[in-house]
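Each protein sequence line maps, in turn, to chains A and B. First residue of the first sequence? That's 1 in our numbering, and the numbers climb one at a time after it. First residue of the second sequence? That's 1001 in our numbering, and the numbers climb one at a time after it.
To be clear, the hints were calculated from the coordinates, so they are not data collected in a lab. A portion of the hints provided could be inaccurate.
To be verified - Restraint-style ranges between C-beta atoms, simulated for each label pair: (1) B:Gly1104 / A:Ala50: 17 to 25 Å; (2) A:Ala99 / B:Ala1053: 27 to 35 Å; (3) A:Ala105 / B:Glu1006: 39 to 47 Å; (4) A:Gln486 / B:Thr1342: 43 to 51 Å; (5) A:Ala105 / B:Thr1013: 38 to 46 Å; (6) B:Asp1317 / A:Gly485: 52 to 60 Å; (7) B:Arg1057 / A:Ala99: 30 to 38 Å.
What the hints assert, rightly or not - Here are a few chain A residues that sit away from chain B, every Cβ distance over 12 Å (derived from the structure): (8) Glu6; (9) Val9; (10) Arg57; (11) Ser154; (12) Ala172; (13) Gly262; (14) Gly294; (15) Thr299; (16) Phe307; (17) Ser325; (18) Gln330.
Unchecked claim - Stretch-level coverage of chain B by chain A, calculated; a stretch enters the list once three of its residues show a Cβ under 8 Å from a Cβ in chain A: (19) 1212 to 1221; (20) 1472 to 1484.
A virtual CB, placed ideally from N, CA and C, is assigned to each residue, including glycine.
Protein chains: 2
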Amino acid sequence: MIQETEAAVELETAMSAAADAAPALVNSRPGDRATWLRAIADRLDGDAEALVAVAARESRLTEQRLRGELVRTTFQLRLFSRVVEDGGYLDAIVDHADADWPMGARPDLRRMLRPLGPAAVYAASNFPFAFSVAGGDTAAAIAAGAPVVVKAHSAHPELSRAVAVHLHEALAAAGAPRGAFALVEGREAGLALVLDPRLTVATFTGSLAGGRALFDLAASRPEPIPFYGELGSVNPVFVTGAAAAARGREIAAGFAASLTLGVGQFCTKPGVLFVPAGSSFADEVVEAVRGTSGGPMLTDAIRGGYFASLAPLAERDDVELLIGSPAEAQEPVPTIYGTDATTFLAHADELLEEHFGPAAVLVRYGSADELLAAARALPGQLTATVQGVDGDPVGPLLELLAGRAGRVLWNGWPTGVSVTYAQQHGGPYPATTAPHFTSVGTASIARFLRPVAYQDTPDVLLPPALQEANPWSVPRLVDGVRTPGQPA
Amino acid sequence: MIQETEAAVELETAMSAAADAAPALVNSRPGDRATWLRAIADRLDGDAEALVAVAARESRLTEQRLRGELVRTTFQLRLFSRVVEDGGYLDAIVDHADADWPMGARPDLRRMLRPLGPAAVYAASNFPFAFSVAGGDTAAAIAAGAPVVVKAHSAHPELSRAVAVHLHEALAAAGAPRGAFALVEGREAGLALVLDPRLTVATFTGSLAGGRALFDLAASRPEPIPFYGELGSVNPVFVTGAAAAARGREIAAGFAASLTLGVGQFCTKPGVLFVPAGSSFADEVVEAVRGTSGGPMLTDAIRGGYFASLAPLAERDDVELLIGSPAEAQEPVPTIYGTDATTFLAHADELLEEHFGPAAVLVRYGSADELLAAARALPGQLTATVQGVDGDPVGPLLELLAGRAGRVLWNGWPTGVSVTYAQQHGGPYPATTAPHFTSVGTASIARFLRPVAYQDTPDVLLPPALQEANPWSVPRLVDGVRTPGQPA
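The following block holds chain A by itself, in its conformation from the complex:
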């Protein structure tokens, strides 16, 4: 599949080291992995100024934004270290033998999550820190105990290598097994990686086309593996009539800021805005967007892709350019197309195409029925937002959106994804290829684990988390009762 190139050698080295490291990682102590995560965070923080400078040059993002992103990245590593130490992520369950179990005597059964094995992480272009070499997927894999091979994104090769050096050195100094982490580069290595027989799981953040291609490869393997792709989302925002009347200017300003944050290059950028027809709110949106500016995009290829995605919109005679321009420029300007709900409902597929950049479609709806019909037309989304007021009859709308999105927001904006316990960054296809999981937040660790049950196994042969005395004091479900870190 891959020629004997430098890339092939690099990948073979990475995968064979990862496979060799897997047994030691499985049996590494959670406390040790917590130490590794903190060591990585400390090293990145210690070199923040230099890293941000490289990131700014390569990504064309502002230093301020990148500094914030690095704070998020190192916080994430430290939060995951606490989750690992807590042990609840292991989902440990103990069922003692029970001769009176109603379906027939049951044996002693003990179940916990265990690392899958070598993991591939495909880094994203738009978060040079937080969804890249030392980003959330890498942090989650290391937290779980899975060796990780990161495919660098070609948008920031120098930064990727610099962060990789920190990872290598921090892991080595903290005593992690060699092979716990590796970086590979290039399209050739990326395609061979997902087909490597030693690989057990892959995560991806990027475009629908690229993610679907890798998903198809993962599913085509003789032994298919889980593929966690975070692909595409237009993140609809629904503004009620009452909200537009009560605080139209504030909402318009919030939308314009979210639309243009990072030059619109976020997977959570609000790409379609449903506004009440017959109000002045659409004008307020246009005015607010007029007060914003674009900026340089991450790469020339991304800029080209953005303008190419606008071309079909520009050619339609049933949508109207409200502000901005689809004409290719060095720095795109924030751009809004407008249409009505009838047009939207007739052409939802085309009008819900993602534009990775500062563009959105504004849809004027005339009735609550039209609004609900529009919500029903949505494919899977990472987020869906309602801007409303207390007492708005939005229950049915929220219910529809919860059925289509991973995260439902009230009077907020989808950009700015907090790393917490309750975060859900996922959703039905095409938002992701695996709706059960999240790629942000502490629950993201589960993607690198699978359950294993032990039946009637002597205590001395059990993993510590399942031993009767619970030496690691992990929270467990014991005979159906939740216990906070006690012996069974």
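The hints should help you fit chain B onto chain A, whose structure is shown.
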């Protein structure tokens, strides 16, 4: 994809009713779903004699076995009703807004699991009750709140219809939405079902070839959906030298009983047995198997498939028929082929083919290294078993097996899968197509759910499980702390 046949009409009716029922099911109260599950169990128990008689006629299994299987099936429905009432399965998490969150102020975020939507359940041939129309997958889908369309297995059509009538009547009498359950039949409907755009998830228990074909269809959809296939496993058993010496006859008898239970037609049948070379243990196994008998297989097609799978073994000159026969007969006799570890390691792929019936391969190993090498050669398994004695140095073996199997057993037999909290019936491919999940035990409910987070949403618009006062008293993680059903 599907012609306007009776099957097409039946499928369209089922899927459109399921899609219509989904919103009501999402919002059904867990207590109501618990009532439905118990109503189904009560009706099946109330008609046990008649159902067992139909099942025995169609499946050729003994009435005793089928009575036990029905007990398991109705126990499972009732156990799941308790899990639903407990609410822990919702995995509810509450993070209050926190201005001092280290990565930057966090909003109020609340996350819980929510039903995916219409689910397909492909019933199995070999468990006419427990993995069929009212089996574990159906119980889990109803517990989760997902409408379920069961594809009946052609091995027991009359029983499938009789159980479906009970399900329909029990659900209707208990007040469940119409469309919560439907039965479809036939290969044509089965293929169209997995491609139906309204479908959100599918589960399958059956052969590697059939399951892989459906998995490939699910992955090929414009919008791929999770496909939980439980496909193939040879369930290796490793006997240590000390165990063979200490209780060889007992182990041989246990193996022979597990091998021939249900005429070997279990996904957990022990299909390969590793025994110490140079001992009399292999002879004890042959003697024990000599004391068992075969019986009629589930269907003529399954019998044909079983004997066809033995043909390549019979033709090899590096394996030896120890007892039994590969010659097609009305009722197969328990059959063991023997070989050595060198041959096994050179031809593991061929020698690890599953034989769905009372046949196994016995492999004589000469050293601990050969034993570990054999374990490393295993693909994904549902189970792996060690027969040992206290003090046996089997840590490395158990560790290898935990890396390949969903369940590791000590001095037990893999057949007879208890329905409990800690059960794990799954494993890496080809054991299943989704190693994160189980198809037996209370954790199986999660396959029909996905997480949704609500950001800054007013209490009155939140699902009850996420409201501040916790009106359903579900256990939750609140700001990182586990709480047993209290208000946040």
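Results for each hint:
1. Checked against the hint of 17 to 25 Å, the C-beta distance between Gly1104 of chain B and Ala50 of chain A comes to roughly 23 Å, which is consistent with it.
2. Distance hint check for Ala99 of chain A and Ala1053 of chain B: the Cβ-Cβ separation is about 30 Å, which falls inside the suggested range of 27 to 35 Å.
3. Checked against the given bound of 39 to 47 Å, the beta carbons of Ala105 of chain A and Glu1006 of chain B, roughly 46 Å apart, stay inside it.
4. Look at Gln486 of chain A against Thr1342 of chain B: about 49 Å separates their beta carbons, and that is inside 43 to 51 Å.
5. Distance hint for Ala105 of chain A and Thr1013 of chain B: a CB-CB separation of about 43 Å, consistent with the stated range 38 to 46 Å.
6. For the pair Asp1317 of chain B and Gly485 of chain A, the supplied restraint of 52 to 60 Å holds, since their beta-carbon distance comes to about 58 Å.
7. Taken as a hint, the range 30 to 38 Å holds for the pair Arg1057 of chain B and Ala99 of chain A, whose Cβ atoms sit roughly 33 Å apart.
8. Even its closest Cβ contact with chain B, about 30 Å, leaves Glu6 of chain A beyond 12 Å, as expected for a residue assigned away from the interface.
9. Once the 12 Å rule is applied to beta carbons, Val9 of chain A is consistent with being away from chain B; the minimum gap is 25 Å.
10. Non-interface call for Arg57 of chain A relative to chain B: holds, since the shortest CB-CB distance, roughly 24 Å, exceeds 12 Å.
11. At roughly 26 Å from the closest C-beta of chain B, the C-beta of Ser154 of chain A stays outside 12 Å, upholding its exclusion from the interface.
12. The non-interface label for Ala172 of chain A is consistent with chain B: the shortest C-beta to C-beta separation is roughly 24 Å, beyond 12 Å.
13. A cut-off of 12 Å between C-beta atoms confirms that Gly262 of chain A is not in contact with chain B; the least separation is 15 Å.
14. In this structure Gly294 of chain A is separated from chain B by more than 12 Å, as the shortest Cβ-Cβ distance comes to about 24 Å.
15. Every CB of chain B lies more than 12 Å from the CB of Thr299 of chain A, the least distance being 26 Å, so the non-interface label holds.
16. Interface exclusion of Phe307 of chain A from chain B stands, the closest Cβ pair being 26 Å apart, more than 12 Å.
17. Every C-beta of chain B lies more than 12 Å from that of Ser325 of chain A, the closest at about 32 Å, which supports listing it as non-interface.
18. Look at Gln330 of chain A: its CB is around 31 Å from the nearest CB on chain B, clear of 12 Å, so calling it non-interface holds up.
19. By the rule of at least three residues with a Cβ nearer than 8 Å to a Cβ of chain A, the coverage given for the region 1212 to 1221 of chain B holds, with 3 such residues.
20. By the rule of at least three residues with a Cβ nearer than 8 Å to a Cβ of chain A, the coverage given for the region 1472 to 1484 of chain B holds, with 6 such residues.
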